[in-house]
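Engineer: As a plain string of letters, each chain reads:
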Amino acid sequence: MDAMKIISRNKGLYLALAALLLTAVVINIVTGVNFFKISNLLNVTRSFCLLGITSIGHAIVIISGGGGLDLSIADNISTANVIAATYMNGNDALFFPVLLLALAFGTMVGLINGLLVTKRNVPPFIATLGSGIVLRGLRLMWTKGLPQGKIPPVLIEIGNGSTFGIPNMFFVFLLIAVFASVLLNSTGYGRRLYAVGNNADVATLNGIKSHRVVLIAYIICGVLASLVGVLLGGYMGMSDQKIGEGYHFNSLAAAVLGGVSMTGGKGSVHGVVIGVLIMLLVTNLALLIHVPIQSQMLILGGLIILALWFNERKNLNRIWAGKEG
Amino acid sequence: MKTSFKVAAFCLIVLGLVMGAALLPESAQAKDKFAIGWSNAGMGDSWRQFLVANFKAECAKHPEISEYFIMNADEKPEKQMADIESLLVKGIDALIVYPTVGDAIIPAIERTVAEGIPVIVFGGTINTDKMTCLVQQDLIALGGDGAKWLAEKLGGKGKIVMLSGIAGNTTAEDRLAGARKVFKEYPGIEILDHQYCDWSPPKARSIMEAMIQAFPQIDGIWADSGLMSWPALQALKEAGRPLCPTTGDQLNGYAKFLVANNALGYIAPMTTKLSGEAVKAAVALLKGEKVPKTLVIKFDGIGPDHVKDVAKPDLSDWWWVGDDQMPAEFLPKL
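Listed in order, the protein sequences are those of chains A and B.
With the numbering used here, the residue at position 291 of the first sequence is 280, and numbering never jumps.
With the numbering used here, the residue at position 87 of the second sequence is 72, and numbering never jumps.
Only chain B is shown next, with the shape it has when bound in the complex:
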């Protein structure tokens, strides 16, 4: 038993070292002028992998970027503060931030700006006007786009349920607010229920199963992500109920399900291309170009007629369709 414990402990230590090495910031050397640092909130899912892929692909388009560093905060604000300090020590020329908890990292952001280093934030809002540029997708409009499609598809009349991500999370609340605003314009649309599903497919599935029991008729599902609308559709199929029109995002599993089951769906993409847009803004700022304080990027939704064009039946359910428009060398590896 002593020997087996030593072997187990040795394996753990080796794995820990490998993990630590994997967590070191990535960097790429080239010959040019700017070093860009990106403090990323976390890397825990495939969406974040595409965020990184789009970042790297965009960096590759700019020969003026001599090197970049990516730090992963593992969703911890205190780690993100430390990551930003580490990036400053590396002598970066611009800082890109995808915030964990926006307001918690304000001191680090303001310190960076005070040192004359532009700070570009994307993927969340921070309550300070000291950052140089905020690159964002209009999430309220995004939620509204899906809602408008659904309302129009139902002819302005019908009973729907709404499924959101994490309660209190900006990206969930903004999209929900946008959707509710649109549905108010359609008095014939009745919202039977709204639940937060934490962007968890198993949770969404059990919540939808309960909704199916509670409501004999569900004409449509508004969801801010395919992570919920996909299992919701599965629950409907299991229950032998008609597959009503749904909204979601650009998750391949959702798109594949829609195509395979001839179901109507609208993809309102919560795009990972924002990281690339942040890189563009950083380069423009470093070149001395004028960049608006807030840069709102609009990405078009994908209606049911085009879902089959973007769905990738041979790829992972966790591929993010439409976000893969980059050279193959940057795509997340299968």
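Okay, chain A solo, but in the shape it has when bound:
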């Protein structure tokens, strides 16, 4: 019954997913290009894991409300990627300690973002945009444009290898998705997050430490972004100043497509996962049938606007009803 409830609450998403899968079948019949080929699914799965982890973190920040947003994600990812390559330097023995260092870095980024938003009331857009720019500058000063180091074999195996035919990254993603889902649905923190996202003032009056809830959301997002930076190093086998480019927007888009409300208090890990799937399906199908990248942007942009409209129309109706009342 719970499963039926989940499907019914997200029927729009499931319909969109089903429509895309049907499109994939039709494309296969008409052109012979097979989205469902194992090798293609493996490629899409790796991209899905990276975007999925980022989107889960971003969704938690958005759910916390108050215009929650994290525009520093891209630079967080890129910096963590450079940290990984520089300090691991091709040495498997250094993988775990440097992973912890990268995650500590992500924690610090999230902490700074969270403190700016909660203690200084800096709008999240400004706070995270600013911290992202600072990160970029620091990274450039440190590397002088020339990232050093090497990705070690164990990380390349995590990024590119498979176990029992399943990409290793998928196990990392699964762990995080399950953890996040349990956190949001079955813990006190999750209940408080939704309460704060719905109305921070009421939540505070009810004894919830709203600032702490929001701060933790930004820390989680920061940690997950830095993890993705490390994993990207394994996937690409390289470090790159701009490897995280686009992830802040794509993760936001996936969250919105997955039903996370930009006004806060609404959204689920499950919805975000479907949002990521929809985005990657659209992109991959478009590439398979040689649709130029500009047209892909049109399609994705259109989907996001539609998703925003569907997600927010109830809120807008409530706001307009209040104004007319």
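Derived by calculation from the structure, the hints in this document are not laboratory data.
All values derive from a computational prediction rather than experimental measurement.
Just so it is clear, CB atoms sit at the ideal spot from N, CA and C, and this is done for glycine as well.
It is possible that some hints are incorrect.
[Unchecked claim] Under the rule of at most 30 Å between Cα atoms (straight-line distance), these lysine-lysine pairs were calculated in the DSSO-like manner: (1) A:K133 with B:K297; (2) B:K188 with A:K133; (3) A:K139 with B:K318; (4) A:K108 with B:K(-9); (5) B:K293 with A:K139; (6) B:K318 with A:K133; (7) B:K144 with A:K26; (8) B:K293 with A:K133; (9) B:K142 with A:K26; (10) B:K297 with A:K139.
[Said to hold, decoys possible] To list a few chain A residues with every Cβ distance to chain B over 12 Å, as calculated: (11) G1; (12) L164; (13) N174.
Keeping the supplied structure of chain A fixed, place chain B upon it in accordance with the hints.
Structural biologist: Positioned in the frame of chain A, the structure of chain B alone reads:
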């Protein structure tokens, strides 16, 4: 929490000040006659670092350059306009510009020329004839060089894919146009697909992975940069497909991959030596020598037989091979 916030805020302010100091124009004093200002579009990657290194190395060869200033516009046209104004206030004798968005800075360029200061533009085109000199690499020919090598390598027959940088960007579109023009001369070459990859290795990798799924046979890859051909080759290797001949530029990571995997590749360099050529043009103009309005510099490509000579296995993947022919003191620091 209040204390920790204060500490965090203090750290941010200090970092911001250090950043601001780092963004101040660089200058170098010597004893001679001309001051040169360079308004640079941005410094966000290793290619730009080499651009600066080549600029400084060339300046050092000219004792008549008393000082130089470099301003970084961080890819913002409005900042570049302000940077040019700042350089004029410093009393420069010549202005070198690497444009952000060419046409957006025309007013600043024309004002500078009106003040009698020669303006040398490189790395992009600007739609005004008021600039003094345009130093450029023939990007159409550059794209065509790589295409010709690839077509000849395939014996005039084969299925290829094309990967470009940013859609609409002059350096991407010119090279693409040059390549398409050449491929038209080889009717046996079939272009399966062309995609813009934004010079992003992860994007190039996922686009190539999709192309591998869509096309059972890919005989060659034309790319305007190693930033795309390198991850494209990685995708082919991951998929267990043969490493077909590719084109790219002088990115060390691409060169290293070719050598390590015994793959055929052609390096068509989008060279950072243009900044040095711009300095030479500026000095010549200041000395009253005749300099053509448009100075086209040709840099030779590097075929597969010589890739191993230029690849630097011990250096960063982000080194730009062939652009490092300068005294060690000017090279970007590792």
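Engineer: All hints, please: hold or fail.
Structural biologist: Checked hints:
no., hint, in the structure
1, A:K133 with B:K297, "holds (18 Å)"
2, B:K188 with A:K133, "holds (23 Å)"
3, A:K139 with B:K318, "holds (17 Å)"
4, A:K108 with B:K(-9), "holds (10 Å)"
5, B:K293 with A:K139, "holds (20 Å)"
6, B:K318 with A:K133, "holds (7 Å)"
7, B:K144 with A:K26, "holds (22 Å)"
8, B:K293 with A:K133, "holds (26 Å)"
9, B:K142 with A:K26, "holds (29 Å)"
10, B:K297 with A:K139, "holds (15 Å)"
11, G1, "holds (27 Å)"
12, L164, "holds (23 Å)"
13, N174, "holds (28 Å)"
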